[in-house]
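Participant: Each chain, written out:
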Amino acid sequence: MSSAEKRAGTVANYVDERTGAAKWLKKNLTKVFPDHWSFMLGEVALYSFIILLLTGVFLTFWFDPSQREVLYQGAYQPLSGIKMSAAYASTLNISFDVRGGLLMRQIHHWAALLFMAAIVAHLMRVFFTGAFRKPREFNWIIGIGLLTLGIVEGFLGYSLPDDLLSGTGIRIAEAIIQAIPVVGSYLSFFAFGGPFPGESFIPRIFTVHVLLLPGIFLALITAHLMLVWYQKHTQYPGPGRTEKNVVGYPLMPVYMAKAGGFFFIVFGVTAFLAAVASINPIWLYGPYTPTQISAGSQPDWYMGWLDGLVRMAPNLESHIFNHTISWNILIPGLIVPGILFTGMALYPFIESWLTNDKREHHLLDRPRNAPNRTALGAMSLAFILVTLLNGGNDLIATHFALSINQITWMSRIGVLVLPPIAFVVTKRLCLSLQRHDRDLVLHGRETGRLQLLPHGEFVEVHEPISEAKAWVLTQHDQPPALEFVTEDEAGVKAPRGALNRLRARMSAATVEQIPRVEGNDLKEIEHH
Amino acid sequence: MSKEIERLSDPGLPDHVHRKADVDPRAAKKAERQVAILFSLSVIGTLLFVGSYLWIPATTFLFLPAMGSTNAQQLFLGLGLTLATLFIGLGAIHWAKTLMPDNEVIAERHEFRSEEKDRQDFVDTVKTQAAAAGLGRRPLIKRTLGIALGLVSASPLLLLRDLGPLPKKSLEQTSWEKGTRLVTDPGNLPIKASDLEVGAVAQVLPELKSNQERTLNNLAKDAVLLIRIRPEEFELSPERLSWTHEGIIAFSKICTHMGCAVALYEQQTKHLLCPCHQSKFDVPRAAKVIFGPAARPLPQLAITVDSDGYLIAQKPFSEPVGPSFWERSS
Chain A
-10 MSSAEKRAGT
0 VANYVDERTG
10 AAKWLKKNLT
20 KVFPDHWSFM
30 LGEVALYSFI
40 ILLLTGVFLT
50 FWFDPSQREV
60 LYQGAYQPLS
70 GIKMSAAYAS
80 TLNISFDVRG
90 GLLMRQIHHW
100 AALLFMAAIV
110 AHLMRVFFTG
120 AFRKPREFNW
130 IIGIGLLTLG
140 IVEGFLGYSL
150 PDDLLSGTGI
160 RIAEAIIQAI
170 PVVGSYLSFF
180 AFGGPFPGES
190 FIPRIFTVHV
200 LLLPGIFLAL
210 ITAHLMLVWY
220 QKHTQYPGPG
230 RTEKNVVGYP
240 LMPVYMAKAG
250 GFFFIVFGVT
260 AFLAAVASIN
270 PIWLYGPYTP
280 TQISAGSQPD
290 WYMGWLDGLV
300 RMAPNLESHI
310 FNHTISWNIL
320 IPGLIVPGIL
330 FTGMALYPFI
340 ESWLTNDKRE
350 HHLLDRPRNA
360 PNRTALGAMS
370 LAFILVTLLN
380 GGNDLIATHF
390 ALSINQITWM
400 SRIGVLVLPP
410 IAFVVTKRLC
420 LSLQRHDRDL
430 VLHGRETGRL
440 QLLPHGEFVE
450 VHEPISEAKA
460 WVLTQHDQPP
470 ALEFVTEDEA
480 GVKAPRGALN
490 RLRARMSAAT
500 VEQIPRVEGN
510 DLKEIEHH
Chain B
2 MSKEIERLSD
12 PGLPDHVHRK
22 ADVDPRAAKK
32 AERQVAILFS
42 LSVIGTLLFV
52 GSYLWIPATT
62 FLFLPAMGST
72 NAQQLFLGLG
82 LTLATLFIGL
92 GAIHWAKTLM
102 PDNEVIAERH
112 EFRSEEKDRQ
122 DFVDTVKTQA
132 AAAGLGRRPL
142 IKRTLGIALG
152 LVSASPLLLL
162 RDLGPLPKKS
172 LEQTSWEKGT
182 RLVTDPGNLP
192 IKASDLEVGA
202 VAQVLPELKS
212 NQERTLNNLA
222 KDAVLLIRIR
232 PEEFELSPER
242 LSWTHEGIIA
252 FSKICTHMGC
262 AVALYEQQTK
272 HLLCPCHQSK
282 FDVPRAAKVI
292 FGPAARPLPQ
302 LAITVDSDGY
312 LIAQKPFSEP
322 VGPSFWERSS
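From first to last, the protein sequence lines are chains A and B. Start counting the first sequence at -10; every next residue gets the next number (this note's numbering). Start counting the second sequence at 2; every next residue gets the next number (this note's numbering).
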């Protein structure tokens, strides 16, 4: 035994005698993780979160979260001698007087954008492959929680520097709070410590941004990962992959090396972006004052859809009994996002109820094999895309010399018309792809080789696809539609008849599928 | 179905294909060297990082194509960090892909549902323990504990009361009063009608009384835009027309939608545009909303001139400025 081994043995012995960790580790160090590029999306989110923690701690050492007025006298000459808040001045300080400070600020901001992008991409992967199905509904809900908190955390983060752009964002947030019926003005006064802008808001959101929310994030991410660990990862269908097993590489060493290496790659990419691409150059915006604004004010991308919704809202306001209800703020700012996020959170339960599917699922769906779900996803994406584009309607107008009124009207119509179109088109595409799968299994792959038959006819040679491929294309379930008895023979109506009729109709729509190829089909072909 | 369904069969895991490094020691040695080179490149990146921190002056700027003028120290610190981290990652992954075992392993899954006996035992345990505690038999304890817990967990809400004062009438008031002079911002100078040419726009604030200081809270409500057009272009009610002075009309600069500064004035069309959500207000028609999400016109401030010829407010705003709120009556 080498001396290094001996030393490691001593340490391991010391720890194990006090914790009994060896037994647990023995089992878990060889835990199997399936491999697929799309499983890295969640990893990107996790790693950018770690980068956010590291760079965020650095930033807190210099950032002064105070709205106290100071006279700027730092290295950035154009703002020298200007009155501003200590928060803004210290952000300038980090950017110009602290070595590496600007780099850390920019890594922090790029990592935040990447964090949200990775969460959204991961969410889409989980949605379109049906990974949220039983037993993973809890993790889906935690994920939706992380997405929601991520949006809030990002907004609070870029609001901290108290520059003209972010101050305008806070002003808008205040208007949304103030628009809440009955309690709005009170909530706003409590949040801001009095009238807007006051001197309390930035110190308060600083605490929320660096302590409260990161703490909740850590707890939720831990729970998210523990559930992945305990329930074992889902896997794509393929030869040898079943609902009863998990096929992949062991944690130690392969997965550790790949995942660990991938963390450094994500870090490298954010560092590169931060090195060469300036982001949120707050010194160009100037300090916040309520009387000024810069044209082309844009939030970060993950808030863009919300801003786009607000921009396209019709200008409705009700005045009832000496009270005002601002539908132009409530609908796009609270009601629509509330419906979207609640619907998202409940989706696994809705789908399971509609399909009456109570089984465990560990094999992922190929999106084409769940046409309705895929179409619903495409529909939601179309909705978000239109709102996101409308969030930049002013920039589109100036860049392409178009009328802002026309763009806004296009968005208003588009946001209602395009999602249903996306649904229908996607569903048809899925069914076409299923037809193509069926064709491939039955007749093989087109080779592009033409053959001249003795009687002069030309045919294209088809080559049978591999057994493994044929299995992937035919392994999925095609359950029959649900049927409900609405009345028994004596004419007594079944309880919840209307609800069950709805379920039966939805179920019939859900099972519209191209029949999967069975063994008998292939035999029939052989007979011909 | 009459026809018996016969599914295609799962061919099972494909055979493992050996990589070059698995069978050829020379290829393995080469892969080892490649990994080592990647890790060494990371060291060079760290050296670049340290060197940039110590020796590149913070005041040097470089021109980057498409990115513009860039601080050299920040740039090379960043590039150093990029190389330092990226090459560790590439090295580790190359190592895993070429030299670590690539045999796929199969692990079994088990249903999460506990066995029937365990579930029954669990229910029994809960029942027995709850009975032992007498929760069912002693409702008095259960109820008082419920009330106590409910109250104690609601009480922190009380402590949050001091987060801020109550709004009272604050949202409806500004610093504008009868006779308040309009002063320029910046400059704080009183302003005469002749200071504004036709087509001009200016931001004004209420003149401060001595011993008053202007806070951002005031600015957020007091900011007013003066716009001068030709008097015959107004399309106003007689009352509103009397609030203007020689073609000068005054509006609150705070958007009635979400409170942004309505800062864009288009001289040709005489429209005010809010850059946040693109609400458009038509100046000659008392800032009527002609497009966008804003529901109300910008409040108009009645102005006139005092005996010295300086512009003053005839009276306070006749309605609250800024975004709507529940208590707003119109």
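Take these hints with a grain of salt, some might be off.
[Said to hold, decoys possible] For lysine to aspartate or glutamate, the following DMTMM-like pairs were computed, each having C-alpha atoms within a straight-line distance of at most 25 Å: (1) A:K72 with B:E208; (2) A:K233 with B:E236; (3) B:K118 with A:E349; (4) A:K221 with B:D103; (5) A:K458 with B:E112; (6) B:K271 with B:E236; (7) A:K233 with B:D103; (8) A:K16 with B:E208; (9) A:K233 with B:E208; (10) A:K123 with B:E109; (11) A:K233 with B:E105; (12) A:K20 with B:E208; (13) A:K221 with B:E112; (14) A:K221 with B:D11.
Calculated from the structure, these hints are not laboratory results. Remember, predicted model here, so these are calculated numbers, not experimental data.
Participant: Measure nothing beyond the straight line between the CA atoms of B:K118 and A:E349; if it is 25 Å or shorter, mark the hint as holding.
Facilitator: 21 Å, holds
Participant: Between A:K233 and B:E208, does the CA-CA distance stay at or below 25 Å?
Facilitator: Roughly 78 Å between the alpha carbons, so the hint for A:K233 and B:E208 is violated.
Participant: Would the pair A:K72 and B:E208 pass a check requiring their Cα atoms to be no farther apart than 25 Å?
Facilitator: 20 Å, holds
Participant: Is A:K233 close enough to B:E236, meaning Cα to Cα at most 25 Å?
Facilitator: 77 Å, violated
Participant: Measure nothing beyond the straight line between the CA atoms of B:K271 and B:E236; if it is 25 Å or shorter, mark the hint as holding.
Facilitator: 12 Å, holds
Participant: Does B:E112 sit within 25 Å of A:K458, going by the straight-line distance between their CA atoms?
Facilitator: 28 Å, violated
Participant: So if I understand the rule, the pair passes when the alpha-carbon distance is 25 Å or less; does A:K123 with B:E109 pass?
Facilitator: 18 Å, holds
Participant: Could you grab the alpha-carbon distance between A:K233 and B:D103 and see if it respects the 25 Å cut-off?
Facilitator: Roughly 22 Å separates the two Cα atoms, so the pair holds.
Participant: Hinted pair, alpha-carbon criterion (25 Å max): A:K16, B:E208. Please report holds or violated.
Facilitator: 76 Å, violated
Participant: Is the Cα-Cα distance between A:K233 and B:E105 25 Å or less?
Facilitator: Cα-Cα ~16 Å, so holds.
Participant: Just to be careful, I want the Cα atoms of A:K221 and B:E112 compared with a cutoff of 25 Å; is the pair within it?
Facilitator: 11 Å, holds
Participant: Straight-line Cα separation of A:K221 and B:D11 no greater than 25 Å?
Facilitator: 22 Å, holds
In this structure, the hints that do not hold are numbers 2, 5, 8, 9, 12, in rising order.
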